[in-house]
Amino acid sequence: DVVMTQSPLSLSVTLGQPASISCRSSQSLLDSDGNTYLSWFQQRPGQSPRRLIYKVSDRDSGVPDRFSGSGSGTDFTLKISRVEAEDVGVYYCMQATHWPRAFGQGTKLEIK
Amino acid sequence: EVQLVESGGGLVKPGGSLRVSCAASGFTFSNAWMSWVRQAPGKGLEWVGRIKRKSDGGTADYAAPAKGRFTISRDDSKNTVYLQMNSLKTEDTAVYYCATWGLDYWGQGTLVTVSS
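Protein sequence lines correspond, in order, to chains U and Z. The numbers in the numbering used here rise by one with no breaks, and the one at position 32 of the first sequence is 59. The numbers in the numbering used here rise by one with no breaks, and the one at position 92 of the second sequence is 883.
Read the hints as simulated data drawn from the structure, not as lab findings. Glycine included, each C-beta is placed from N, C-alpha and C at the ideal position. Careful: at least some of the hints might be erroneous.
Said to hold, decoys possible - Label-pair ranges, simulated between beta-carbon atoms:
no.	chain 1	residue 1	chain 2	residue 2	range
1	Z	Asn822	U	Val90	34 to 44 Å
2	U	Val30	Z	Lys858	24 to 34 Å
3	Z	Ala814	U	Pro45	20 to 30 Å
4	U	Ser95	Z	Gly817	27 to 37 Å
5	U	Leu42	Z	Thr904	32 to 42 Å
6	U	Gly43	Z	Gly799	36 to 46 Å
7	U	Ser53	Z	Gly893	44 to 54 Å
8	U	Trp126	Z	Ala831	39 to 49 Å
9	Z	Asp847	U	Val90	25 to 35 Å
10	U	Leu42	Z	Thr881	18 to 28 Å
11	U	Arg71	Z	Gly893	27 to 37 Å
12	Z	Lys858	U	Gly43	30 to 40 Å
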């Protein structure tokens, strides 16, 4: 099975400053159809997860443009250009190229 | 507006069974593949399995922890997907979320506690 490894596992960021989360997969996530099925999710305290990014860099409707995704193959990054108070929570990457789908361990973002 | 509402969670003894449900609205349920994801208290997200739409065979596939003990089914006349859990273990204690196949929509989750 594919293993997803996130770093760091926790992040403390000053309001207005950028943040970056890394996600690495144990196998390439490039599918035979040419797509790379890597998504990012945000889970605010006490809430259900919410998808932010799919296929590496496509932003979901309603997601602020300060969130961006990048990467290829086995290395991926979620960037927040300017952290706001509402960004506090846990962020997960997930691969959907290989069965079974797999999530990273999660990265907890807090405000410094 | 897409809505997914889980129900049926509760306290069950080890070795027992429980069925949780997820009622869907706001989209054409019969055309949708559906997923189940769980989250143990204070832990990360874990994939449980998914069920295809009937026109794609209606079959379900499971991640390792669920294989042989859990069964996903659907009733398109009720716009509902089910997760039948048998031979429950204490490590199955979690919030169980249903979601669309792309995980673009999630329910609020239902808590299943396995304890004696």
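Verification of the hints:
{"no.": "1", "hint": "Z:Asn822 <-> U:Val90: 34 to 44 Å", "result": "violated (25 Å)"}
{"no.": "2", "hint": "U:Val30 <-> Z:Lys858: 24 to 34 Å", "result": "violated (18 Å)"}
{"no.": "3", "hint": "Z:Ala814 <-> U:Pro45: 20 to 30 Å", "result": "violated (41 Å)"}
{"no.": "4", "hint": "U:Ser95 <-> Z:Gly817: 27 to 37 Å", "result": "holds (29 Å)"}
{"no.": "5", "hint": "U:Leu42 <-> Z:Thr904: 32 to 42 Å", "result": "holds (37 Å)"}
{"no.": "6", "hint": "U:Gly43 <-> Z:Gly799: 36 to 46 Å", "result": "holds (44 Å)"}
{"no.": "7", "hint": "U:Ser53 <-> Z:Gly893: 44 to 54 Å", "result": "violated (23 Å)"}
{"no.": "8", "hint": "U:Trp126 <-> Z:Ala831: 39 to 49 Å", "result": "violated (22 Å)"}
{"no.": "9", "hint": "Z:Asp847 <-> U:Val90: 25 to 35 Å", "result": "holds (29 Å)"}
{"no.": "10", "hint": "U:Leu42 <-> Z:Thr881: 18 to 28 Å", "result": "violated (41 Å)"}
{"no.": "11", "hint": "U:Arg71 <-> Z:Gly893: 27 to 37 Å", "result": "violated (20 Å)"}
{"no.": "12", "hint": "Z:Lys858 <-> U:Gly43: 30 to 40 Å", "result": "violated (47 Å)"}
Figure legend: structure checked against the earlier numbered hints; hints not met, in rising order: 1, 2, 3, 7, 8, 10, 11, 12.
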